[in-house]
Each structure stands twice: as structure tokens, then as C-alpha cells.
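Engineer: As a plain string of letters, each chain reads:
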Amino acid sequence: MMRDLLFAAVLGALLALSSPALAAPAAGKLTLQSVAALGQSQPAVQLTARLLGPDGKPVGSQSIEFFVKSDDFGGVQVSLGTVPTDTGGQAKLLYMPRWTGTLAFTAHLIGDGTLAAPPATSSYLAAAAVPAYHMAPAPLSALRFGVAWAVEALAVAVWVMLAAVLIRVVRGLPRLARETEASSHIEGVSG
Amino acid sequence: MRKRTSRTELDETALRPVTSSGRGFWLVMLPLGLLVLAALFAWGWQIWQGLGSAGYNDQAFWSIYESNLVTFIGVAYGGAVVSAILRLTRTAWRAPITRLAEATALFSLLVGMMFALVHLGRPERIWELVTRPRLSSPIFWDFVAVTTYLVATVIFLYLPLIPDLAALAGRLPAGSRLVAWYRRLSLDWRALPAQRRLLDGAMAVMAVAIIPMAVSVHSVLAWAFALSGRPGWDSSIFAPYFVVAALYSGVALVILVVAGFRQGYRLHAYIGEDHLIHLAYLMVVLDATYLYFTFADLLGEGFSMNNSVVPVMGQLLTGQYAPSFWIWAVGGGLLPLLLVALPWTRRTWGIVTAAALVVAGMWLKRIVIVLPAAAQPMIAGGWGSFHFTWVSITITVGAAAAIPLLMMGFFRMFPVLSVTEIEELAEEPVVRPRAHAAFGLPQEGDEE
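Just so you know, the protein sequences line up as chains G and H, in that order.
Sequence positions in the first sequence follow the numbering used here and run 39 to 229.
Sequence positions in the second sequence follow the numbering used here and run 7 to 454.
These are computed hints drawn from the structure, not numbers from a lab.
Note that beta-carbon positions come from the ideal geometry of N, C-alpha and C, so glycine has one too.
Hints are not guaranteed to be accurate.
[To be verified] Distance ranges between label pairs, derived from CB positions: (1) G:G126 / H:G58: 31 to 39 angstroms; (2) H:G235 / G:A180: 39 to 47 angstroms; (3) G:A174 / H:R272: 57 to 65 angstroms; (4) H:D64 / G:G126: 47 to 55 angstroms; (5) H:H393 / G:A65: 39 to 47 angstroms.
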């Protein structure tokens, strides 16, 4: 029994050492640069990640995922997309800022497991942004708060109508009873 | 045919729950009261521990309570609209069921409104809807629409009660402490022709007004979802879809309430199987309409193959929410249709079963409307998931128990039947169309 376990452990260790997939990945280096993209019709940032191998040479065909930090919902890293590196070790992504101010970008090496590199960060001061939402076309865009006030007026009108119905009944029924009582009293007296 | 009863018998039947309550009344009230108390305890626990104790999390931020709110307010809509339509069309068979329908509307609305507080997690913040209103938010308009509808529902229930309150004040022992209240609330009603005209006019205005009000409530509720832009909710048909859903489940609840009170309060002489059959026909028309809307909604969203919508459709039709969706489609959609369509199941038991399936099924449908779209990751991360906990289940069950509890409490003080209306309609000649025979409905001379 012990001999079988020992044999299995030795065999497993030999297999692990001989398998490239289970071997420790080589240490690479990932850098990230963010600059204003030129020649674009809308404000854009050119993100360029560069991956170097342990020997300092560019590494191609490795996936890089780009993120931007959003302060909404408690601060999350929003994925912008995944791009493979070219023969020059570069992965490029064009990003249109959704808000102005300092944008914090991060690039992560996903790769195939043969190479490891710590995430690279870069910040960019966006002076202009492309809104994520577009205004409704006319005439909807012209309505805006006019609708809110119109609906509010309608709500007030409904409340006035409800009050009018209730007041009419609450005051009208006893009044009609009194009037009938008075007229029957007069008839009784005159009769 | 139901046997014709005298005024004395009618008074006795309608006022019996007010003047005396048997052991059966308390045997039903006790468990219902315990369930409501348990729900209140669970709500207190939730306020103490936070919404996480109800299964909520960052990625399932709208779930069971939002579904409950839509469900309970929806059934309220059904009760009021059924009564309003029957009044406006002067339907002869309406008289014994309008009071029950109107009370169903009021009490399910009150319970539904409570879920806005439960869903908030911090109920004291509800005042900020008044002190810091945001006019561009559907939530604010939802608040306005629901409170307006509540006031209208109270008036709609109160106006037809006035003649009965006057009758009640005259029939109860003079020493009864309720008599003074009845006299005050009956507004010196003496059944004068001028009083009758005034009251009929006011009731007609309310019956007309309450229909668009109810439509507005459920439309605004639908827009709270649709205007968020989330895939799965961002649908142009959501408002009419919600309105039909509300009517469908509302008519089903009215059937359950009418059948329950008919049995429990021994109202067989006034509420017959034909009343349930009429309501069941209304229910299946709405059932077919709702199935059509569901198909139209899914086709429009699914066929576009939009990247953000297809995952939600996948979760709904074949993913983790598929069992709930298909249980609704069969149990809450097709089966009730069959139970009412087939002559041999179109009996009280079949109609009540169909209505119970609709009420339960439509609650499940609201869950699968709310959850998948809320749980879809919009920024980052994986799909969220909601887990039912004892807190959310206890609050939901307690809320469901609160409706019959409140109704039975209400009818402990007010007549369960609209006595004056039944009398007035009994004096009118009853004309049964030939279609009655064709569809196997009870005829003059039939005995139940």
C-alpha cells in the first residue's frame, strides 16, 4: 500500500516537471501607454500595451485585456476589450472616454500561460468625452420637463376631481335630507 | 337558478358577519393573524440585519419584493376595474360581487404599497420621495399614481356603502357602538330620489375615473422597468403588457375571493356558479391576450439577436430561470385556459383551480420578469443570483395572508353584500340571452 502511494507520488512529480503546461511561466514585462488619438472625429484615447519576454524581446500572439476604472457602483474595473499582441509585442485599443477627468487604465496579460507579467497601468486626463447616452430626437427631446409639469398638473386635476366628488356627496346628501324634511314639515303645517 | 330571497333573508345574510361571528371565523382569522405577525417580525429582522437577509445583493438588487409589489398592486387593479366595468355596463349579475371586488382592490393595494417600504430596506427614507422629489424618475410618478389610486379606491368602495350603512344603522341594536359611526358615515341617507340621483352620478364619475387611474398606475410601474434601459425590460410594449397582466391576475383573485366568501359566509343564495363562470370568461379572454403579449415581447426581443438582450432571453427560456418560466406558461397560462374552455371542468372547482393557478403563476411570472434582467451584469462580473431566504418568504406569505385577514376584518364591520343594489336589480326583469344555453350556462328554472 505504502509502496503504491510512493510510486504514484514520484510518477506525478516527474509528469509535472516534464509538462510545460504545469511548469512555472516565464517572467515577462507588460507596459501600457495612453495618448490622445489623432485623426478621430470624436475624442479618443489610443491605448498601447507592449509585452516583452524574459529576454527583453517582443512577444506576439498573447491576449491583453484592457480595463478602465469606474467610480460608479463602488468602483469597478470595466473591461474595454481583449486584443492579441502583434509581432512587435503591441496590442492596441482605441477608446472613446465616456466621462471627463483622469481616467485610470489597466492592461492584464491573459496569454496562454507560458508567460506571466504584472498588470500595467496608465492614466490619462480626458478634457472631452463622448456621452454614453444620446438625447432623444425632436420632438421628444423638446418635451423634457414640460412633460413632468404637465403630468403634475394632471395629477393635481385628478386630486381636485376626487375631492370634488367626495365633497359633493358628503355635503349634498345631508342637505337634500334636510330640505326634504323642511318641505314636508311646511306641507304638514300648511295642511 | 338561485332561489329568490326576501329582504329579511338578504339583510340577515349580508349582516350576519357584522352581528355575530362563529367559531369558524376565528379559526380562519387566527392562523392568518399569526402569519401576518410572523411577517412583521421578519420585516423587523430585515430592518435590523439589512436587505442581505432577504437574499438581496449588488447583482440582484430588484427581486422578490419588487415582484410582490407588481403582483399585489396588479390584483388591486383587477378588482377595481372589474367593478367599474360592471357598473358602467350596468351588468345585471354584478350586484353580489361588486363589494367583494372593491374590497379586494383596496386591501391588495394597501398590502402592495407596503412592499415599496419593505423593498426600500430603509423605510424611513420614503419621506424623501416627498421632500426631495425627482420629477424625471418613474419611481416618483409611481408614488403619485399609487397614492392617487388609493384615495380613488377608498371613495369607490365608500360610495356604494352609504345606503347599506343607513340600513345597517337601522337594524343594529340601538346601544351598539358602531351605530353612531354608521349614522355619521351614511350621511343622513333616506333613499330619496334626489339623494339617489346624486349618489348614482358620483358613482358613475368614479367608475369612469378609476379605469384610466388604474391604467396609469400599472403603466407607470411598467415604465419604472422599461425606462431603465436594461436588456429584458427595455420593451415598448411593457406598459400595456403590465396592464393586461394586472387585469388577468386581478380577475383571478376576484374569483378566489368571491368563491371563498361565497363558501365561508354561505352566500350561495346570492352568488351562484354563473357568477364565477362569467368572471372565468373574462379571465380567459385576458389569459389569451396576455399569452399573445408574452409571445410578442419575446419575439421582438429575441429575434433581434441584440448582444445585450439574447443572454437575458437565454436565461429565461433555457437557462436558470427556464423552469419557472415554463411552469408559468403551462400552469399559469395554458392550463387555466383549458379548465375554463372545457365544459366538464367549467364548474366551481375547475374555475377556482384555474384562478388559483393564475394567481400563483402570475407571481412566478413577475419573478422571471424582474430577476433575469436585474441579475445580468451590465458593467463587469458574472451573472448575479437571488436566493430565497426565510425572511423574504415569511414576508411574502404574511402579505398574502394579510389580504383575507383585512377583508374579513372589514366585513366584520360592513355588509359583505351590496344589499340596496341587489334589491334594486332584483326588481329589474332578468333577460337571459340564448347564448346562455349554447354555452351551457344555468338557465331560468335550473336548480343548483
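Engineer: Against each hint, give a clear statement of whether it holds in the structure.
Structural biologist: Hint check:
no.	hint	result
1	G:G126 / H:G58: 31 to 39 angstroms	violated, 49 angstroms
2	H:G235 / G:A180: 39 to 47 angstroms	violated, 21 angstroms
3	G:A174 / H:R272: 57 to 65 angstroms	holds, 58 angstroms
4	H:D64 / G:G126: 47 to 55 angstroms	violated, 40 angstroms
5	H:H393 / G:A65: 39 to 47 angstroms	holds, 42 angstroms
Violated hints for the displayed structure, listed by number in ascending order: 1, 2 and 4.
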